[in-house]
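Protein chains: 2
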Amino acid sequence: MSFKNFKCVPKMIFGRGSFAQLDAVLAAERKAANDFVVFLVDDVHQNKSLAGRLPAKTHDLIIYVNVEEEPTTKQVDALTAQVQAFNTKLPVSVIGLGGGSTLDLAKAVSLMLTNNGGSAEYQGWDLINNPAVHHIGIPTISGTGAEASRTAVLCGPVRKLGLNSDYTVFDQIIMDSELIAGVPTEQWFFTGMDCYIHCVESLEGTYLNEFAKAYAEKSMDLCREVFINNHEEKDDKLMMASYMGGMSIAYSQVGACHAISYGLGYVLGYHHGIGNCLAFNVLEEFYPEGVEEFRKMMALHNINLPKHICRDLPDETIAKMVAVTKSMGPLWDNVYGAGWEEKVTDEMLTKLFRRI
Amino acid sequence: MSFKNFKCVPKMIFGRGSFAQLDAVLAAERKAANDFVVFLVDDVHQNKSLAGRLPAKTHDLIIYVNVEEEPTTKQVDALTAQVQAFNTKLPVSVIGLGGGSTLDLAKAVSLMLTNNGGSAEYQGWDLINNPAVHHIGIPTISGTGAEASRTAVLCGPVRKLGLNSDYTVFDQIIMDSELIAGVPTEQWFFTGMDCYIHCVESLEGTYLNEFAKAYAEKSMDLCREVFINNHEEKDDKLMMASYMGGMSIAYSQVGACHAISYGLGYVLGYHHGIGNCLAFNVLEEFYPEGVEEFRKMMALHNINLPKHICRDLPDETIAKMVAVTKSMGPLWDNVYGAGWEEKVTDEMLTKLFRRI
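Just so you know, the sequences run in chain order R and A. If you're matching positions, the first sequence starts at 4 in the numbering used here and goes up one per residue. If you're matching positions, the second sequence starts at 4 in the numbering used here and goes up one per residue.
These aren't lab readings, by the way, just hints derived from the structure by calculation. Take the hints with a grain of salt, since some may be wrong.
Same chains, same label: a pair holds when it works inside one copy or across any pair of copies.
[Unchecked claim] Here are the simulated EDC-like cross-link-like pairs (lysine to aspartate or glutamate), alpha carbons at most 20 Å apart as the crow flies:
| # | residue 1 | residue 2 |
| --- | --- | --- |
| 1 | K7 | E295 |
| 2 | K7 | E32 |
| 3 | K92 | E295 |
| 4 | K14 | D169 |
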């Protein structure tokens, strides 16, 4: 029996207003006079107050990234080329400032700057050969756990799959709850539910151990404080929930919801957060208590999911989503354990998709 | 306002039986043929089955350490000299296998191998200049949180104080709950209570933030599962409680109990675990609910604390303990906040000590 040697983020700053310390964190990395850093910033922040607070020097590179669509290997390769064209030296740090997609872009670019070829070659597990450029994650929306995880999920030419490696993990994260205060309600909710759903899938899964359980249980409690009790410290609590949800996945795995959400996302382009919610809402047979509580939280926040989005789709579109979903072996193994292949039938998945 | 940039253990293995993976972990550090590692092992394991399972090569150094007394700077300096006399090269890893004291010895030796002078010079905060030798912590008794913390607490010529630095933190920990199964009841209880008391002090303290709170609350819940509910997975849960308790302290601080326990330990030589219990038992005015629950747990496990150990001590002995206890500024600041100096009087402390 072999247990994962879990690589986690080695340095973190937590606190309201701690974004102001980014300058000091970068100062420790800037050694030569011509050292530069790259800021990858979600373009929702462009021309907003946060943009004005970036501790950028004149020779740094700021790139605003658009993440309306899920990040792609193509986008990563283009960003990497842009950094390489900007300066023949490597940057001393790559900073991701945004939600899960932006954080994943920053992770992926920091890896591709030191690993040859295109990022699609590295979709999978432990395919990365060289350590990444120092990289920092700063969430401005919470729930994905991207700040804590060892993956950078990308849509590639063949599949949606992460660059999973120890080198993917951020060297530093800054968790400043002030930054997540202004997120629009739906996005806040969908992204927060990513965390809640992680925890359900993890706690109901066959992979669970006490490490994952402790983190997932606490993360779930925090989600309840945020989405049910409307706690006055809810921004801090959601930030911790997201981080702890990410830590939980280290020794567990997501499940049926993420498998279906991947299918939805890959074929129809749904963003991860809403994709999960759409999928979770038809999974009452898998996660009865979780789905019930999730619907309660939707009602509390007046969230209305789009309806019948798959009902009238052509059979071949459904079949494509079913194929993607079915290919998520480890997720189904976590749901059913050994012998999952017999249980995850095209028929069962097709029925579920038709209900979405 | 400035928030701590918290350095945590970057790699960890959690799981029953995971000690068997130490060999593979060390293989990654052993590069040259003459590379060697140092095992610092609590001498309670000498000639026991665990000793036979050490993945030691012929040119490695195994040292059994006696930790009946709290670790001292003298002991650290002697161990460091022993390693230096063994081989002119530095070891590629120092492994601590034991409880909090042994883990602290391993941290301290790994630091002193790369930092000149005696360890007493480094008692304090951020006094260490050079990174330590790679070091691995493997608890065989849980509760202190030493596996997760950035300190190595040592009794020095002048005071009991830790080597607190980012370099102190283990590079790797292995949390194998099989290793803590055979601990004698009293030691198991006293060390577990170190964790429980950490959490109480942290949650009731002025330094608390949501990061520390989330960890301390979960750690406390886990302690209850272990010490009240006698959960069947209690060894795993205690191991997680200890780790999470240690993580909590990163953004909080211990309080009145540890301050008094340091006084007791320094002057009378009480070990940290039992010292905390002796102190906590007279602190009902500081921590009413915590002390009540603690007494309930003592009763459940038939733990009888020694009584009247300070009642008849000479005034000057009490005064010495009071002085040590009073000098713990940050701990009292965490208890009372600004102005603590006026509240922490000799009279108040003397009264408390006389009740122990």
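Taking the hints in turn, this is what the structure says about them:
1. K7 <-> E295: neither (33 Å within a copy, 39 Å between copies)
2. K7 <-> E32: Answer is between; shortest inter-copy Cα gap is 17 Å, intra-copy 30 Å.
3. K92 <-> E295: Answer is neither; intra-copy 53 Å and inter-copy 62 Å both fail.
4. K14 <-> D169: Cα proximity of K14 and D169: in one copy and across copies (15 Å, 10 Å).
Of the numbered hints listed earlier, those contradicted by the structure are 1, 3.
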